[in-house]
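> My request is simple: use the sequences and hints to build the entire structure.
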Amino acid sequence: MRTVKWNPFLSGAMMLLGGMLLWAGAARADISSTNPAAIVVFPKLVVNTANGVDTIIQLTNTAPNPVNVRCFYVDANGHCSNNSAAICDPGEPPTPPCESGAYCQPGWVETDFALTLTTNQPIVWTVSAGLPALPLTAEQRPGIGGVFDGGSIPQSSEDPMIGELKCVEVGADEFPVDSNDLKGEATIEIVSSTPTVDIEGYNAIGIQAIPGAVTPQDNTLILGQEYNACPASLILDHFFDDAPVLDSTVRTALTLVPCSEDFNTQLPITTVVQFLVYNEYEQRFSTSRSMTCFAELFLSDIDTRLGDLNDNDAVSIFNIGTEGTLTGQTVIRGVANPTNPAGNGLLGVVHEFHQLGGPGGPIYSAAYMLDMRGTRTQNDVIQLPPASPAQ
Amino acid sequence: MRTVKWNAFLSCLCGFAVVLGGVAISARADVTTETGASILIFPKVRADGIFDTVIQIANLSNNMVYAQCFYVNGTLQNTNTHLPCGVPSATCVPLCQETDFGIYLTKQQPTHWSVSTGRTFTPSPTFGSDTSGFAPGAVPPVGDFVGELKCIEVDDSGAPITRNDLKGEATLVSLATIDGTLSDQTVTGDVAKYNAIGIQGNPDVAPSNPLLLDGGATYNACPSELILNHFASGAPDIVVTELTASGILPPDTTSAEYTDLTLVPCTEDFENQIPKSVTVQFLIYNEFEEQYSTSTTVSCFLETELTNIGSGQIFGYGVLGTDVAQAIITPVAQTNGSSGGLVGIAERITTMTDGTTPTAGRAAYNLHSEGSYIPPNGQPDSITLPAEQ
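Protein sequence lines, in the order shown, are assigned to chains G and C. Position in the first sequence (from 1) plus 2 gives the number in our numbering. Residue numbers are given in our numbering: position 383 of the second sequence equals residue 364, and the series is strictly consecutive.
Read the hints as simulated data drawn from the structure, not as lab findings. Hints should not be assumed to be uniformly reliable.
Said to hold, decoys possible - Label pairs and their in silico Cβ distance ranges:
#, chain 1, residue 1, chain 2, residue 2, range
1, G, Thr289, C, Thr107, 24 to 32 Å
2, C, Cys73, G, Ala140, 36 to 44 Å
3, C, Gly124, G, Gln268, 55 to 63 Å
4, C, Glu223, G, Thr289, 36 to 44 Å
5, G, Val317, C, Asn44, 30 to 38 Å
6, G, Asp175, C, Gly299, 40 to 48 Å
7, G, Ser86, C, Thr107, 14 to 22 Å
8, C, Gly297, G, Ala87, 41 to 49 Å
9, C, Gly139, G, Leu308, 44 to 52 Å
10, G, Gly103, C, Phe102, 39 to 47 Å
11, G, Pro388, C, Pro357, 46 to 54 Å
Glycine included, each C-beta is placed from N, C-alpha and C at the ideal position.
Below, the structure written as C-alpha cells:
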C-alpha cells in the first residue's frame, strides 16, 4: 500500500492560498451606489431643454489627493431611417418626426472627456450645457498645494438626448488605476413656466477596483477580475403599473445598461433579459426581452407592444390588471451568451411616476436603486479607447 | 532539542480559519442599500398630514420570513410645555417613542403599507385593492408621526436571526401644498423615494439580545463616516438658471436649493426606551477645495435643513460660494470613549417661483458611507429588543 506523507506547512499554506482565493471572490461581490469607487455609472441621463428637461450631474473626489478621470457619454438616441437628423424614440411606434414608411433606428454614439479633480473636490454640471472650465481653473485660483483642476465637459451631443455616463478613475498616464475615490449623483429635473418643478435623483453606481489587481497601462477593464463583478441578477421591488397609491396612479420605468462596453470599437452588446415576477400572493410569472446598449422601458411595455397605441398594457404581467396586487418583486437577469467575449451583466435604475388624480393629472417622479444579488460567473469587459496616440 | 510534530489537519484548519476571519471582516464591513439584510432601517418616515409614506418590504428568500418592526417617533416637542416645536434645540427634542409590530412574508413575497393607515387583515380583499395579497400581519396606523422604522429579521419564536432576507424602499408622498421656508415647501402629489438601509448579519452565528453591530462577527457595523454631496443652501438651481437665460423660462423666474438631512443613531434600546445621543462632526469642502466644519448632536432622530446645523450658516450659498459641496459626517467620541454610528438619508428640495406662484420638487438620496465604526471604548453599536421579542 502506498502512503503519502503530508507536509503540514505546505498543506497549511495551500489552505491559506485557497482561502485567499475565496476571499478575493467575496471581495468582488459588492457593486454599490453608496461607496466611493473607481468606476461610476450614471445609467440614465435625459436632456430636452425645449420641454424644460435636463440632468444635473454631481461628481466628487473623496480622496485627499487629486485624481484624474476619463468619462464616456453614450448618446442612445434613435434616428429616423430616412432622416438621420430627426431624433426619435426606438421605444415608440414609427410616428412623426419619422415620415411615412420610415422607422426609428436605435443608435449609440460615444463622446469622451477627461478631468482632473483636486483634493476632495466636488463639481456639478448640466448635461445640456456641460462645463467649459472646472471651478478652480475658471476662477484662476489654485487649490491646496497650488494644484489646479483641469479639463472641460462638453455639452450633450444632441438635444433632446437620452443615454448614460460612465467615468473611470485613471492615473497621470490616463490608464486605469486601482483607486476607489469617485462618487456621484444624478438629478433629472423637469421644469415649466407654469411654474412647476419635478426632480428625481439617484446615486451613481460604483464599481470598485480590487487593490493590486488592475493591470498597469492597460485600457481593458475586466469586471470580476480587476474590478468587482457585476451582479448575477438585479432585484426590482415595484408597484405594478396602474396601481392606485394614495391619490395617484403609479407607473414604473426601468433603465438598463450593460456592464460591458466597448468604447474603442463602438460595437454595442445585445443581451437577452429574463424577468421573473412575484406578486403579493407569491404567484410567479416570467417574460423576457432583448436589449442592446441601452434600454428604458415602462414595465408594462416589457411584454406588450411598445408605446401607447394599442399597447395592451392592461394584460401585461407587470400591470395590476393582471396581477391583482399593488406591489411585486421582479428578478432581472441578463442571459449569458457564450459567443459574446464580453459579459452580459446589467446595471440599472428605476423611475416611478405618480399621476395625481388619474389621467390628465400632474405627474411627479422619483428614482431609486435596484437591489443586486450574487456575482456574474462570466467576466464583463469595459474597453477604453487610447487616451492619446502614444497609447 | 525538542521537536514539535505538526498536525496537518489542524494546520489546514488554522490557516483556513485565519483567512475566513479575514473574510468575515472584509466582506461584512459595511451597511448596504442594494443587497438583502437582517436589519432594515428606514431613517425618514412621515405621516403627519403633510406627508405620508408608503413602505415596501420584500422577502428575497424561498423561506418564510418573520420580522419585528419598530416605529420610533421623532416628532419634536418642547420639554417644558410638551407642545410640538420646530427646530431641534436643548428644549426642543424628539419624542423618541417606540411602537412595534410583527410581519411575516412567504417566499419571495413583497408587501406594502402606507404608514398613516397601516395594513389591516381583510379576509377577502378585492382584486387590485390596497389589501390584496397575503396579509403580512397587522400593521398599526400611526398619526402625527415623523421618525424612523427599523425592522429586524427574527424566527417564528421572535428570536433574531441573520439570514439577510429583507430589502425595502420608502416613498414619501406629499399630501398638501405648503409654501414654507427653507425645505418646508412642497406641492400635493410630489414623491421622493429611497432604498432602506440594510445591516447584514453573519449567517454563521445565532445572535442574542442585544444585537451587536460589531463589524461582522454578529452584524455589520455602522459606517465610520457618511458622505453627503449637497447643494449649498439657497443656491440657485442651475437648470432653472440655464433655462431662464435661454428664454425657455420667464426672466423673473427664481429658484433656490435646500437639503434636508435625516440622521438616526444605529444604537437603539427598545427595552428601556433610552434615546441614544451621538455628537457628529461635519467637514465640508466646496468646489474650490476650501474647508469648513461644524458639529451637532443627534439624539434619537434628527431631521433638519442643513442651515439649521451649527451656528455659522456654513452650509449656505453666501458662505460656501459654490453651487455644490461635499460634507463628511463622522461620529465624535466622548471623553470616556463612548460614541455610536449613524445612518441617514438626504432630501434635496428645489424651490422655484415666477414671482407670484411658488412651487417645489423633492428627491431623496441614500448617503454614501465608508468604513466600519467601532467606538474607541470598544463597545459596538447595539439594538436592544424588548425582552419578550
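> Hint compliance check: list the failing hint numbers for this structure, sorted ascending.
When the structure is compared with the hints, numbers 7 and 10 turn out to be violated.
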